[in-house]
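Colleague: With the hints as extra help, turn the sequences into a complete structure.
Protein chains: 2
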Amino acid sequence: MGHRAAIVGAGHTRFGVLEDGPRALLRAATDGAFASVDRGADRSAVGEAYLATLGFGGWQIGNSSAVLAEEAGLEGVPVTRVENACASGGFALRAAVRAIESGQRDLVLVAGLEKMTDVTSARRRYWLGVSGDTEWERSAGLTFAGVYGLLASRYLHQYAAGADALIAVAVKNHENGALNPNAHFQKRVTPETVRSSPRVADPLGLYDCCPVSDGAAALLLAPSGEARRYTDSPVYVDGLGAGSDSLAVQERADLLRFGATRWAVDEALHSARAERRGISFLEVHDCFTIAELLALEDLGFAEPGQAAEMTIAGRTARTGDLPVNPDGGLKAKGHPIGASGVSQAYEVFLQLRQAAGPRQIPHAERALTHNVGGAGATAAVTLYSAG
Amino acid sequence: MGHRAAIVGAGHTRFGVLEDGPRALLRAATDGAFASVDRGADRSAVGEAYLATLGFGGWQIGNSSAVLAEEAGLEGVPVTRVENACASGGFALRAAVRAIESGQRDLVLVAGLEKMTDVTSARRRYWLGVSGDTEWERSAGLTFAGVYGLLASRYLHQYAAGADALIAVAVKNHENGALNPNAHFQKRVTPETVRSSPRVADPLGLYDCCPVSDGAAALLLAPSGEARRYTDSPVYVDGLGAGSDSLAVQERADLLRFGATRWAVDEALHSARAERRGISFLEVHDCFTIAELLALEDLGFAEPGQAAEMTIAGRTARTGDLPVNPDGGLKAKGHPIGASGVSQAYEVFLQLRQAAGPRQIPHAERALTHNVGGAGATAAVTLYSAG
Numbered sequence: 000m001g002h003r004a005a006i007v008g009a010g011h012t013r014f015g016v017l018e019d020g021p022r023a024l025l026r027a028a029t030d031g032a033f034a035s036v037d038r039g040a041d042r043s044a045v046g047e048a049y050l051a052t053l054g055f056g057g058w059q060i061g062n063s064s065a066v067l068a069e070e071a072g073l074e075g076v077p078v079t080r081v082e083n084a085c086a087s088g089g090f091a092l093r094a095a096v097r098a099i100e101s102g103q104r105d106l107v108l109v110a111g112l113e114k115m116t117d118v119t120s121a122r123r124r125y126w127l128g129v130s131g132d133t134e135w136e137r138s139a140g141l142t143f144a145g146v147y148g149l150l151a152s153r154y155l156h157q158y159a160a161g162a163d164a165l166i167a168v169a170v171k172n173h174e175n176g177a178l179n180p181n182a183h184f185q186k187r188v189t190p191e192t193v194r195s196s197p198r199v200a201d202p203l204g205l206y207d208c209c210p211v212s213d214g215a216a217a218l219l220l221a222p223s224g225e226a227r228r229y230t231d232s233p234v235y236v237d238g239l240g241a242g243s244d245s246l247a248v249q250e251r252a253d254l255l256r257f258g259a260t261r262w263a264v265d266e267a268l269h270s271a272r273a274e275r276r277g278i279s280f281l282e283v284h285d286c287f288t289i290a291e292l293l294a295l296e297d298l299g300f301a302e303p304g305q306a307a308e309m310t311i312a313g314r315t316a317r318t319g320d321l322p323v324n325p326d327g328g329l330k331a332k333g334h335p336i337g338a339s340g341v342s343q344a345y346e347v348f349l350q351l352r353q354a355a356g357p358r359q360i361p362h363a364e365r366a367l368t369h370n371v372g373g374a375g376a377t378a379a380v381t382l383y384s385a386g
Numbered sequence: 000m001g002h003r004a005a006i007v008g009a010g011h012t013r014f015g016v017l018e019d020g021p022r023a024l025l026r027a028a029t030d031g032a033f034a035s036v037d038r039g040a041d042r043s044a045v046g047e048a049y050l051a052t053l054g055f056g057g058w059q060i061g062n063s064s065a066v067l068a069e070e071a072g073l074e075g076v077p078v079t080r081v082e083n084a085c086a087s088g089g090f091a092l093r094a095a096v097r098a099i100e101s102g103q104r105d106l107v108l109v110a111g112l113e114k115m116t117d118v119t120s121a122r123r124r125y126w127l128g129v130s131g132d133t134e135w136e137r138s139a140g141l142t143f144a145g146v147y148g149l150l151a152s153r154y155l156h157q158y159a160a161g162a163d164a165l166i167a168v169a170v171k172n173h174e175n176g177a178l179n180p181n182a183h184f185q186k187r188v189t190p191e192t193v194r195s196s197p198r199v200a201d202p203l204g205l206y207d208c209c210p211v212s213d214g215a216a217a218l219l220l221a222p223s224g225e226a227r228r229y230t231d232s233p234v235y236v237d238g239l240g241a242g243s244d245s246l247a248v249q250e251r252a253d254l255l256r257f258g259a260t261r262w263a264v265d266e267a268l269h270s271a272r273a274e275r276r277g278i279s280f281l282e283v284h285d286c287f288t289i290a291e292l293l294a295l296e297d298l299g300f301a302e303p304g305q306a307a308e309m310t311i312a313g314r315t316a317r318t319g320d321l322p323v324n325p326d327g328g329l330k331a332k333g334h335p336i337g338a339s340g341v342s343q344a345y346e347v348f349l350q351l352r353q354a355a356g357p358r359q360i361p362h363a364e365r366a367l368t369h370n371v372g373g374a375g376a377t378a379a380v381t382l383y384s385a386g
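Sequence order for the protein chains is A and B. Under numbering that gives the first Met the number 0, the letters of the first sequence match residues 0 to 386, in that order. Under numbering that gives the first Met the number 0, the letters of the second sequence match residues 0 to 386, in that order.
Simulated from the structure, these hints should not be mistaken for laboratory data. The structure presented is a predicted model; accordingly, all values stated were derived computationally and were not measured. Treat each hint with caution, since some may be false.
Partner residues aside, some chain B positions facing chain A, computed with beta carbon under 7 Å [claimed, not checked]:
(1) 68
(2) 79
(3) 82
(4) 116
(5) 119
(6) 129
(7) 211
(8) 242
(9) 262
(10) 373
Just so you know, even glycine gets a beta-carbon here, dropped at the ideal spot from N, CA and C.
Modeller: Put into structure tokens, the structure is as follows:
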């Protein structure tokens, strides 16, 4: 199995309600990525960069790719902004790997950013809302919490263990977030707290929903064959996959299947010539608790309906046989839209280098990340292995 | 010299004030691209797609990459939205070539789209405005016409022939647009009409500014080695280049040099192992007449200040020794933001296949396209040759 590219450095800001603006966040994440390279990396070696962002800083700054060049100190370097709603980060990483594969770049930077908390809430609702289907669903009043609430209703209707499983996802991800110093929420919650929280879109309550967060994350990629110039512990990208589905949920044959995720995981496994067993842990797109259950099933780690029992049994806990979202996931770590997909790879970088501190998964050697745009309209899946 | 990818099909809507909405425009351009493939291309052979758009249809539809999959009939296919302001199309084409180079895709679709005329003019001003520097320039009231007006003032201050050259660019591009059935403006203008038109941002008048247009364009790319499965007349992509510069014009050492264009052309020529001589014609980013003069100089086809005489002498006319913008350019053909960079490649596809009808440049064998985002903050340059 050939490696497609190597991650040799990674940076990450705190996620949460932050004082920093978008430029400062980008600078902190990219500075962190350069500083993390064990044997150092010169900024002049970076030949290409990608920026994942949905609204940057409230849509007041456009052409934001040029801002990344400025803040990362990459004079003249081409930067491409990639926007696939909440999957922007996963798709930007994919583009960065392609740039490495072209054979024309020594080092490629990918950064993800969102500054969500210093804009009016009307604008925030708008920019998130337009990432779903506008023509039929948003116009009818369906927010993202509303869409995922419908999916959760359907799941609970079909599978008896569903309600307890949603609670178990929230409790587990908060447990993991409590060990992540970058997480938006670093506190544990009890099942009773989750159960009794205010309803947002029944059956989803407050603790079923990811927060609105600021934050940035960045990665430095090198050709696999040159990775050890930078570090003795590179993390290799072995497989890329992506897919799309109808924007409107109502146009799908089965509400509980995200076709984009299924396409993406098949392609990723095929391109890496890998199998599911052997994957040490997953980072999945848990924008709502129900999304983590659906992800486990669409990714093929559980049969339809079986993610519920699997979660309740603790198998997806950090100490389970298939840890899911050891960094707290979007649920507890936070979900600064463009940053989220890049942040998933950051966690993989730490875990596969055995550098995740108190939340380290013992012997983690292979990982999968899963990043979704909209309610499953686009998805990117990436596979990694330790160097 | 190796070819990097081949264009085997291309489609284009009329540019202008159109009744069609964004979905219909995307469908028309992509249907046109499939229909143009001489020996046919099956949609199921498309493994990846890219969408270039700034605001899609007034920013009411986000996650627009999924819409391209729907309208192009590409079920499950991964689509990435690329947004680099007015250079979105050039950067999307670049990403599409990279996907072909990865060796994992038989056929890649790239589409560019903008629907600009059925949104409020406040929103239109906003979405264009944010593509310049907001923190210092837009906040001070500087529109894009204002920025380019300043650059034109400087050019006229330094070079005596500047004023006549701006007029000559407008007259030439309208002359070319009159022969392009897809152009927004298909009528010739006299130098006197240009000279006496209302001022927009002195010294730029109405005929110095590109219009606000709707439209879409699409390309189908295949690996070079497989191009002849689709057509006897592929057009090869031989070189890619791109660059960035400060978002704010005031931060540059020289107002009349777009560093991003200079980086981009150097890289494109280097990667194609090509030289400027031998290039039959250029498609450059003439959002304002002054931009065409600056492009000729930054691209290295004229010394600083010499693009003026070159243009006045008719050398850039369709019948000159270096035709520029034979399709009418952004100036006369129109500038539906995300579509413009893709549309430039469409013109190259026609010209290098000797299929451009009354505006055909005899013996066109090589071409260069140049697509700029903002006032020079990002730029993409692509080189092509006939099959």
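Colleague: Hint by hint, say whether it matches the structure.
Modeller: Tested hints:
The criterion of a C-beta within 7 Å of any C-beta in chain A is met by residue 68(B), whose closest approach is roughly 4 Å, and the hint holds. Interface restraint check: residue 79(B) against chain A, minimum CB-CB distance 5 Å, threshold 7 Å, status holds. Taking 7 Å as the C-beta cut-off, the interface hint given for residue 82(B) holds, the closest approach to chain A being about 5 Å. Taken as an interface hint, residue 116(B) does not check out: its beta carbon lies about 19 Å from the nearest beta carbon of chain A, beyond 7 Å.
The beta carbon of residue 119(B) comes no nearer than 15 Å to any beta carbon in chain A, farther than 7 Å, and the hint placing it at the interface is violated. Interface hint status for residue 129(B): upheld, as the beta-carbon distance to the closest one in chain A is roughly 3 Å, under 7 Å. Because the smallest distance between the Cβ of residue 211(B) and any Cβ of chain A comes to about 16 Å, over 7 Å, the interface hint for this residue is violated. Of the supplied interface hints, the one on residue 242(B) holds, with its beta-carbon coming within about 5 Å of a beta-carbon of chain A, less than 7 Å.
The criterion of a C-beta within 7 Å of any C-beta in chain A is met by residue 262(B), whose closest approach is roughly 4 Å, and the hint holds. Among the interface hints, the one on residue 373(B) holds; its C-beta lies about 4 Å from the nearest C-beta in chain A, closer than the 7 Å criterion.
The earlier numbered hints that this structure contradicts are 4, 5, 7.
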